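*Asks:* Listed below are the residues making up each chain.
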Amino acid sequence: EAAVTQSPRNKVTVTGGNVTLSCRQTNSHNYMYWYRQDTGHGLRLIHYSYGAGNLQIGDVPDGYKATRTTQEDFFLLLELASPSQTSLYFCASSVGTGGNTLYFGAGTRLSVL
Amino acid sequence: GEQVEQRPPHLSVREGDSAVITCTYTDPNSYYFFWYKQEPGASLQLLMKVFSSTEINEGQGFTVLLNKKDKRLSLNLTAAHPGDSAAYFCAVSATTGGNNKLTFGQGTVLSVIP
Numbered sequence: 072e073a074a075v076t077q078s079p080r081n082k083v084t085v086t087g088g089n090v091t092l093s094c095r096q097t098n099s100h101n102y103m104y105w106y107r108q109d110t111g112h113g114l115r116l117i118h119y120s121y122g123a124g125n126l127q128i129g130d131v132p133d134g135y136k137a138t139r140t141t142q143e144d145f146f147l148l149l150e151l152a153s154p155s156q157t158s159l160y161f162c163a164s165s166v167g168t169g170g171n172t173l174y175f176g177a178g179t180r181l182s183v184l
Numbered sequence: 007g008e009q010v011e012q013r014p015p016h017l018s019v020r021e022g023d024s025a026v027i028t029c030t031y032t033d034p035n036s037y038y039f040f041w042y043k044q045e046p047g048a049s050l051q052l053l054m055k056v057f058s059s060t061e062i063n064e065g066q067g068f069t070v071l072l073n074k075k076d077k078r079l080s081l082n083l084t085a086a087h088p089g090d091s092a093a094y095f096c097a098v099s100a101t102t103g104g105n106n107k108l109t110f111g112q113g114t115v116l117s118v119i120p
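The listed protein sequences correspond, in order, to chains R and V.
Using the numbering used here, you'd call the opening residue of the first sequence number 72 and step up by one each time.
Using the numbering used here, you'd call the opening residue of the second sequence number 7 and step up by one each time.
In case anyone wonders, no lab produced these hints; they're calculated from the structure.
Here the structure is a predicted model, which means the values were calculated and not measured.
Any given hint could turn out to be false.
Unchecked claim - Listed below are several chain R residues computed to face chain V (Cβ distance under 8 Å; list not exhaustive):
| no. | residue |
| --- | --- |
| 1 | His112 |
| 2 | Gly124 |
| 3 | Asn125 |
| 4 | Phe161 |
| 5 | Val166 |
Just so it is clear, CB atoms sit at the ideal spot from N, CA and C, and this is done for glycine as well.
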């Protein structure tokens with residue numbers, strides 16, 4: 072079973088604050104993803120990566136940066152957080168794309184006041 | 007790009023009743039189709055996946071129907087029980103391009119009343 076660990080589980084910050092969300096996967100998956108989940112929108116892809124040092128832009132990237140430092144670690148950075156970024160964030164990993172299953176972390180609930 | 011519409015957003019049924027959740031998609035090149043389940047307060051886990059042409063997959067009390075002609079995917083619960091109460095998301099991936107991103111539907115919150 073793939074293991075994807077996110078930290079922190081909950082985060083509160085103020086508008087303009089700096090936030091880093093962390094994700095680690097331990098199954099040597101090539102692909103890692105950051106999604107945000109909002110009511111009425113389902114899951115929307117922010118950024119993804121297919122290996123260390125690689126970064127691909129997702130569907131809702133504005134206001135977010137990401138960095139894949141190793142095969143295991145993928146970070147999401149909010150450098151000037153805004154209230155519109157209040158959301159539930161999920162990290163996921165997969166062996167490949169297409170028909171491969173995504174394995175999700177437990178999620179990080181972020182509130183920007 | 008791909009757009010996925012999932013209906014209904016909320017569904018309440020009595021235990022033992024059937025329930026149907028439907029997704030329609032726009033990209034005719036879509037090839038991989040998934041259903042994920044999210045229990046309250048938990049993360050998403052794969053429920054079922056369907057590939058290629060019209061196909062019926064069954065398991066765990068669910069049936070998945072794929073109609074590529076109509077670009078429609080459905081999840082059918084034959085006899086719901088309280089443990090099925092959760093949010094369900096369809097997801098679709100096309101074959102075009104080197105990176106086949108998944109596009110998720112908006113989700114359906116299913117409540118099964120004992």
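*Asks:* Please list, smallest to largest, the hint numbers that this structure does not respect.
*Replies:* Hints 2, 3 and 5 are the ones this structure does not satisfy, whereas the remaining hints hold.
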